[in-house]
Amino acid sequence: MSNKDKEPIQLLQGTLDLIVLRTLATMGPQHAYQIATRLQQVSDRLLNLNQGTLYPALVRLEQYGWIKGTWGRTESNREAKYYELTKAGQKALNEETQEWRRMSALVERLLLEES
Amino acid sequence: MMHLRRIFLKFYLLFANSKVEAELEKEIGAHLALLEDEYLRQGMTPEEARRAARLAYGGVEQAKQLHRDERGFQGLGQILQDTRYTFRQLRKSPGFTVTAILMLALGIGATTAIFSIVEGVLLRPLPFPDPGRLVILGDVLEGSHCTSCAQSSVTPPDIRNYMRDTQSFSHLGGYRGRRFELSGTGEPAPVNGTRMSAEVFAALGVPPLLGRTFTQQEDEEGQQVAMLSYGTWRNRFHGDANVLGSKILLYRKPYTVIGVMPRDFEFPLNPGHANQSEFWLPLSLQPEEFTAGSAAAWNSRMLGRLKPGITAEQAQSDAERVAQETMRDYPAYMRSLRIHAVVIPLQEDTVEQARPLVRTLLFAVIVVLLIVCANLAGLLLVRAIRRRRELAVRLALGARAATLLRQAIVESMVLSIAGGAIGLTLAAAALRWA
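Listed in order, the protein sequences are those of chains D and G. Take the first sequence: its letters are residues -4 to 110, numbered as in the numbering used here. Take the second sequence: its letters are residues 5 to 438, numbered as in the numbering used here.
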């Protein structure tokens, strides 16, 4: 059982968007590498996530107008694209969070009933 | 709303592809550099750090492809790419391309031009209100073998009798085209005009653009008044609104202009647009037209509008009764003639003149189009056979059959669209010139 706990999990469809939005909301503007690092920290390396797979989520969110990317410089003086939550993004985050809570509560309730 | 914005962007990015692609390259590069920095800080050698960074990032090409799939409509992008590829291919074999496109253009152009004429003549409703109720009334001469009798016609006494004695028409009148010498407006010129009963205007139901149409009373009193066609008013009178009340000379007799008909008014209808009537005068049958000679001249026609609820057949038997009476009154020299009244819809009468010619043309042109298609199919087939080796290589290199099929379709589409566009232009030019 404990062995199974350590196995990486697959992300549910659509949850990556929520996670990225949430990360940007709490951490402020971030570049892709920072977002990926943050994800790994938070998930305690449980997320099986190639860092490249973040990119489709980023372009999608940018096209929705929920985040906005601008080029800037890192502390180590490297160029990187920083993503920032927009107003619409904040609103979407709230909505998606609600949605997720309702969804997970539902699944939780079902699982409790089963046992 | 967000989704509209996204759909727009997905289209837009297909065309701004290289810029986005460069930016993505830069972003991935930055990402890898940052990863490498991190691993270097952890004490790896530069080589190890680079490798570890790549591993952590995952496949760069895969990430790029995912990005592309997400940001633009890739199906469309593929088609754009195929189109570009097709253009390259077609440029490489200009002989084939020009032949195929010209062939298509000629075929499509000819068909379109002829079909436009067919549409105009056979399919378009007549330019009058409620055209289904308009009919041509005329006589058929028994035992006559004249070839010009395809159109039923009437004599001056017929016009009087039919107008007086039939009950099936809300309006019925006679008309007769004639060439006149027009003077009083610059150089004397021969022009086409039509003498017609005021009732014909009433039957057609088209109000004049300016002034008024003449009345049946003016017609019977022999008043010398004239209605102008729009084209004549424009060309010969410079569109002058004060033309009403002015005099024109027809065979040196003065006629007062009392009205101008609207632009699309044309009567009698002559498919092919030759010999349009430039003005209309009251029919005003003269006494001598009822006497020997003219009385037996079937040189006029009659137009009527059926009363509501009356069919063409009912009108015909009504008119037949009048025709019988007319024959009873025939003078001695016409006793041998037997006539029957016929009533046919104006549409049919108009189309009848042009139908055989137009049908033959249309058939010929369709055959031409089929020949063009067969030829083009042959050309494409030869081309495909020649490219068999190339296709085999591409299949071996991993191209999917669907991809090759899509390219073949795109190629045909490009040829057809180019041919079609040129063909339509040719057709438009041909119609204007005709």
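Fair warning: there could be bad hints in the mix.
Claimed, not checked - List time: in silico BS3-like cross-link candidates among lysine-lysine, alpha-carbon distance up to 30 angstroms:
no., chain 1, residue 1, chain 2, residue 2
1, G, K30, D, K63
2, D, K63, G, K257
3, G, K30, G, K68
As the list claims (entries may be wrong) - Just so you have them, the derived chain D footprint on chain G, three or more residues with Cβ under 8 angstroms:
no., region
4, 29 to 40
5, 57 to 65
These are calculated hints, taken from the structure and not from any lab test. Note that beta-carbon positions come from the ideal geometry of N, C-alpha and C, so glycine has one too.
Hints, one by one, checked against the model:
1. At most 30 angstroms may separate the alpha-carbon atoms for a hinted pair to count; G:K30 and D:K63 meet this at roughly 17 angstroms.
2. Distance restraint check for D:K63 and G:K257: the Cα-Cα separation of roughly 86 angstroms exceeds the 30 angstroms cut-off, and the hinted pair is therefore not satisfied.
3. Taking the CA atoms of G:K30 and G:K68, the gap is near 12 angstroms; set against the 30 angstroms cutoff, the hint holds.
4. Coverage of the region 29 to 40 of chain G by chain D holds. Counting CB-CB distances below 8 angstroms, 8 residues qualify, and the rule asks for three or more.
5. Restraint check on the region 57 to 65 of chain G versus chain D: 5 residues with Cβ-Cβ distances below 8 angstroms, three needed, restraint holds.
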